[in-house]
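Listed below, chain by chain, are the residues.
Protein chains: 2
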Amino acid sequence: MSGDNPIRIGLLSCTNIVRKLSRAINLSPNATISALATTTTSSIEEAKSFAESNNFPPNTKIHSSYESLLEDPDVDAVYLPIPASLHVEWAVRAAWQGKHILLDKPVALNVSEFDQIVEACEVNGVQFMDGTQWMHNPRTAKFMDFIKDFEIKTVHSCFSFAANENFLKHDIRVKAGLDGLGALGDTGWYTIQAALVANNFELPKTVTALPGPVLNDAGIVLSCGALFDWEEDGITATIYCSFLANLTMEITAIGAKGTVSVHDFVIPYRETEAAFTTSTRGCLSEHKVMTELPQEACMVIEFARLVGEVKNRGAKPDGFWLSFSRKTQLLVDAVKESIDNNLEPVILSGR
Amino acid sequence: MSGDNPIRIGLLSCTNIVRKLSRAINLSPNATISALATTTTSSIEEAKSFAESNNFPPNTKIHSSYESLLEDPDVDAVYLPIPASLHVEWAVRAAWQGKHILLDKPVALNVSEFDQIVEACEVNGVQFMDGTQWMHNPRTAKFMDFIKDFEIKTVHSCFSFAANENFLKHDIRVKAGLDGLGALGDTGWYTIQAALVANNFELPKTVTALPGPVLNDAGIVLSCGALFDWEEDGITATIYCSFLANLTMEITAIGAKGTVSVHDFVIPYRETEAAFTTSTRGCLSEHKVMTELPQEACMVIEFARLVGEVKNRGAKPDGFWLSFSRKTQLLVDAVKESIDNNLEPVILSGR
Chain L
1 MSGDNPIRIG LLSCTNIVRK LSRAINLSPN ATISALATTT TSSIEEAKSF AESNNFPPNT
61 KIHSSYESLL EDPDVDAVYL PIPASLHVEW AVRAAWQGKH ILLDKPVALN VSEFDQIVEA
121 CEVNGVQFMD GTQWMHNPRT AKFMDFIKDF EIKTVHSCFS FAANENFLKH DIRVKAGLDG
181 LGALGDTGWY TIQAALVANN FELPKTVTAL PGPVLNDAGI VLSCGALFDW EEDGITATIY
241 CSFLANLTME ITAIGAKGTV SVHDFVIPYR ETEAAFTTST RGCLSEHKVM TELPQEACMV
301 IEFARLVGEV KNRGAKPDGF WLSFSRKTQL LVDAVKESID NNLEPVILSG R
Chain W
1 MSGDNPIRIG LLSCTNIVRK LSRAINLSPN ATISALATTT TSSIEEAKSF AESNNFPPNT
61 KIHSSYESLL EDPDVDAVYL PIPASLHVEW AVRAAWQGKH ILLDKPVALN VSEFDQIVEA
121 CEVNGVQFMD GTQWMHNPRT AKFMDFIKDF EIKTVHSCFS FAANENFLKH DIRVKAGLDG
181 LGALGDTGWY TIQAALVANN FELPKTVTAL PGPVLNDAGI VLSCGALFDW EEDGITATIY
241 CSFLANLTME ITAIGAKGTV SVHDFVIPYR ETEAAFTTST RGCLSEHKVM TELPQEACMV
301 IEFARLVGEV KNRGAKPDGF WLSFSRKTQL LVDAVKESID NNLEPVILSG R
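Chains as they are written, first to last, in our numbering: chain L, 1 to 351; chain W, 1 to 351.
Don't read these hints as lab results, they were simulated from the structure. No experiment lies behind these values; they were computed from the predicted model shown. Keep in mind that a hint or two might mislead.
[To be verified] Short derived list, chain W residues pointing at chain L, Cβ under 8 Å:
1. Phe146
2. Thr154
3. His156
4. Val214
5. Gly225
6. Ser242
7. Thr252
8. Gly255
9. Leu284
10. Lys316
11. Phe320
[As the list claims (entries may be wrong)] Over 12 Å on every C-beta distance to chain L, these chain W residues come out as not near it, computed from the model:
12. Pro6
13. Asn54
14. Pro57
15. Asn110
16. Pro204
17. Arg281
[As the list claims (entries may be wrong)] Here are the simulated SDA-like cross-link-like pairs (lysine to any residue), alpha carbons at most 20 Å apart as the crow flies:
18. L:Lys205 <-> L:Ser323
19. L:Lys20 <-> L:Glu302
20. W:Lys205 <-> L:Pro211
21. L:Lys205 <-> W:Phe161
22. L:Lys205 <-> W:Gly212
23. L:Lys257 <-> W:Lys257
24. L:Lys288 <-> W:Leu284
25. L:Lys20 <-> L:Asp233
26. L:Lys257 <-> W:Phe161
27. L:Lys316 <-> L:Phe167
28. W:Lys257 <-> L:Phe167
Where a beta carbon is used, it is the ideal one built from N, C-alpha and C, also for glycine.
Taking the hints into account, I'd like the entire structure generated from these sequences.
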């Protein structure tokens with residue numbers, strides 16, 4: 001495996017998140033940046049300068065369109081940091097070009113759109129992963145081990161940050177035509193994943209938005225809460241996501257036999273060390289997980305490993321990530337549906 | 001004030017909680033134990049031995065009935081660690097004997113019972129306080145100061161412990177005839193107070209029990225969650241209380257300008273130091289509050305101080321504690337009503 005060439009990743013667009021991800025790719029021994037596509041908003045010259053200032057390999061190809069990058073035979077996989085409204089089009093196109101896909105959250109504007117991506121990935125045998133980094137922090141696997149043993153009864157997770165006025169007016173995450181799911185598709189995505197992680201990735205039976213969601217004039221969610229109910233198991237979760245409240249990134253998972261608390265689950269306050277707390281039988285323990293690489297590099301390494309299995313060893317793509325993203329998107333949709341439907345519970349069975 | 005004699009407290013019954021409170025009274029310079037009343041379950045001899053082994057003052061009078069203690073002119077105030085079903089009778093009697101009252105939570109089986117206590121206290125000019133100790137930990141005042149500045153948007157609080165089989169069969173907190181409010185009146189009491197504390201003691205507009213409450217065969221709540229909604233302010237709180245989940249004592253209060261987290265709000269893990277965390281603008285601070293005395297002694301000192309104001313300086317009783325207990329009881333009742341009414345929201349206006 002170590003003899004394999006690094007997986008060659010093409011990046012669509014020159015946004016800030018690409019800066020972070022390109023650093024992560026540079027830190028990943030099994031991946032490399034091979035191409036960058038400009039959009040109408042940046043020229044070839046700007047893209048070259050972006051590539052240089054972010055330490056892209058000197059031979060990185062600059063494409064003047066997404067199409068051209070997707071046709072490049074020197075690209076194994078693509079990272080798509082584009083607005084959610086464009087995901088279905090470009091992820092499906094990428095899959096049909098045989099490119100493996102790392103896709104930002106929310107993965108689509110709704111699950112039926114995402115199902116088109118799922119189908120394209122499955123038909124073309126490409127590996128999919130959504131770009132949610134916290135799942136790849138080694139801490140997450142560690143606290144999931146505790147959660148498995150704790151017989152979880154209830155989970156509360158929240159992710160909020162206080163966006164400034166400029167963000168609330170202009171960011172793509174508050175625009176109906178772009179990332180139309182607002183805080184729910186952004187910070188809410190993480191809290192929903194946390195609820196799924198704490199419940200062994202099982203979908204709840206019902207989803208009910210909590211009173212008090214805040215929407216902007218375009219109907220985009222700026223802040224909301226929701227309740228997930230697993231019914232016969234007596235397990236519940238509450239989530240809270242917001243662009244209007246102070247930075248908070250909490251998971252509290254309480255079980256019959258123990259409690260797990262994480263206070264910075266989305267992005268650890270320190271890049272080289274991530275902590276969480278467990279308590280069992282009145283005994284409190286703080287666990288520190290050392291992380292040699294930032295979590296976004298851990299994600300790239302795992303993505304490239306899976307792509308390598310497909311490319312070099314003819315393995316089938318690992319379907320876990322498609323399934324996890326689909327469940328998350330389904331819950332995003334259900335919370336939105338409950339908000340739109342006067343906070344009525346949404347029953348998930350059969351979805 | 002320092003020249004005043006200590007407030008003389010009479011204790012009704014010899015339960016375990018009396019052990020803890022008698023230690024607290026012994027630690028309080030402005031209070032002393034002057035009398036102990038036995039119940040039918042313990043003899044005078046047993047009461048004497050209880051008093052001795054818990055370092056009661058040697059001249060503590062032993063009464064063979066509650067009535068007799070309430071008539072004792074050497075008793076200024078009483079502590080009533082008796083089942084909630086007996087609160088209305090004995091608190092009202094105590095008030096009519098002019099005794100100031102420290103009453104365990106839940107203060108009654110419902111708010112209409114509690115209103116009889118309120119009336120008796122007001123008519124007789126006696127000081128009332130419920131025996132919820134965490135409110136008196138100096139930490140609580142400290143984090144309330146932060147909460148005031150943070151423009152709170154949402155609060156989550158939980159208090160659970162995993163009761164053993166014996167407790168779940170025999171404890172008065174799971175018996176319909178005794179403390180009939182179960183986990184809701186016990187651990188839930190604290191979580192409700194936390195929600196009120198975080199919202200400047202304002203009652204929410206609606207209360208909705210969350211799905212999945214667990215009740216025993218007698219209909220007593222063993223575990224439940226609830227949502228409080230302040231409506232026009234867009235503020236919500238969720239609570240979770242349980243006898244069936246691992247010991248957890250969390251408050252997370254998230255505001256536009258900051259977040260307060262407390263991980264052991266009910267009983268700090270350490271008696272001499274209590275911590276909480278704030279975050280504002282991405283900056284995390286841990287605050288440690290040194291506590292010379294355990295929080296139950298802080299409570300006794302404050303109670304005795306208020307009683308002293310009435311007794312020695314002719315002050316009017318401080319009505320804050322009656323009002324806070326009443327609000328808490330009202331919310332306990334509302335959660336129970338919502339549970340009994342198929343999780344329908346309960347509108348509090350006018351109550």
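For each hint, the structure was consulted:
no.: 1; hint: Phe146; verdict: 11 Å, violated
no.: 2; hint: Thr154; verdict: 5 Å, holds
no.: 3; hint: His156; verdict: 5 Å, holds
no.: 4; hint: Val214; verdict: 6 Å, holds
no.: 5; hint: Gly225; verdict: 6 Å, holds
no.: 6; hint: Ser242; verdict: 7 Å, holds
no.: 7; hint: Thr252; verdict: 6 Å, holds
no.: 8; hint: Gly255; verdict: 6 Å, holds
no.: 9; hint: Leu284; verdict: 6 Å, holds
no.: 10; hint: Lys316; verdict: 38 Å, violated
no.: 11; hint: Phe320; verdict: 28 Å, violated
no.: 12; hint: Pro6; verdict: 34 Å, holds
no.: 13; hint: Asn54; verdict: 24 Å, holds
no.: 14; hint: Pro57; verdict: 33 Å, holds
no.: 15; hint: Asn110; verdict: 25 Å, holds
no.: 16; hint: Pro204; verdict: 10 Å, violated
no.: 17; hint: Arg281; verdict: 8 Å, violated
no.: 18; hint: L:Lys205 <-> L:Ser323; verdict: 17 Å, holds
no.: 19; hint: L:Lys20 <-> L:Glu302; verdict: 17 Å, holds
no.: 20; hint: W:Lys205 <-> L:Pro211; verdict: 11 Å, holds
no.: 21; hint: L:Lys205 <-> W:Phe161; verdict: 26 Å, violated
no.: 22; hint: L:Lys205 <-> W:Gly212; verdict: 12 Å, holds
no.: 23; hint: L:Lys257 <-> W:Lys257; verdict: 35 Å, violated
no.: 24; hint: L:Lys288 <-> W:Leu284; verdict: 17 Å, holds
no.: 25; hint: L:Lys20 <-> L:Asp233; verdict: 40 Å, violated
no.: 26; hint: L:Lys257 <-> W:Phe161; verdict: 10 Å, holds
no.: 27; hint: L:Lys316 <-> L:Phe167; verdict: 41 Å, violated
no.: 28; hint: W:Lys257 <-> L:Phe167; verdict: 16 Å, holds
Consistency with the previously given hints fails for numbers 1, 10, 11, 16, 17, 21, 23, 25, 27, ordered from lowest to highest.
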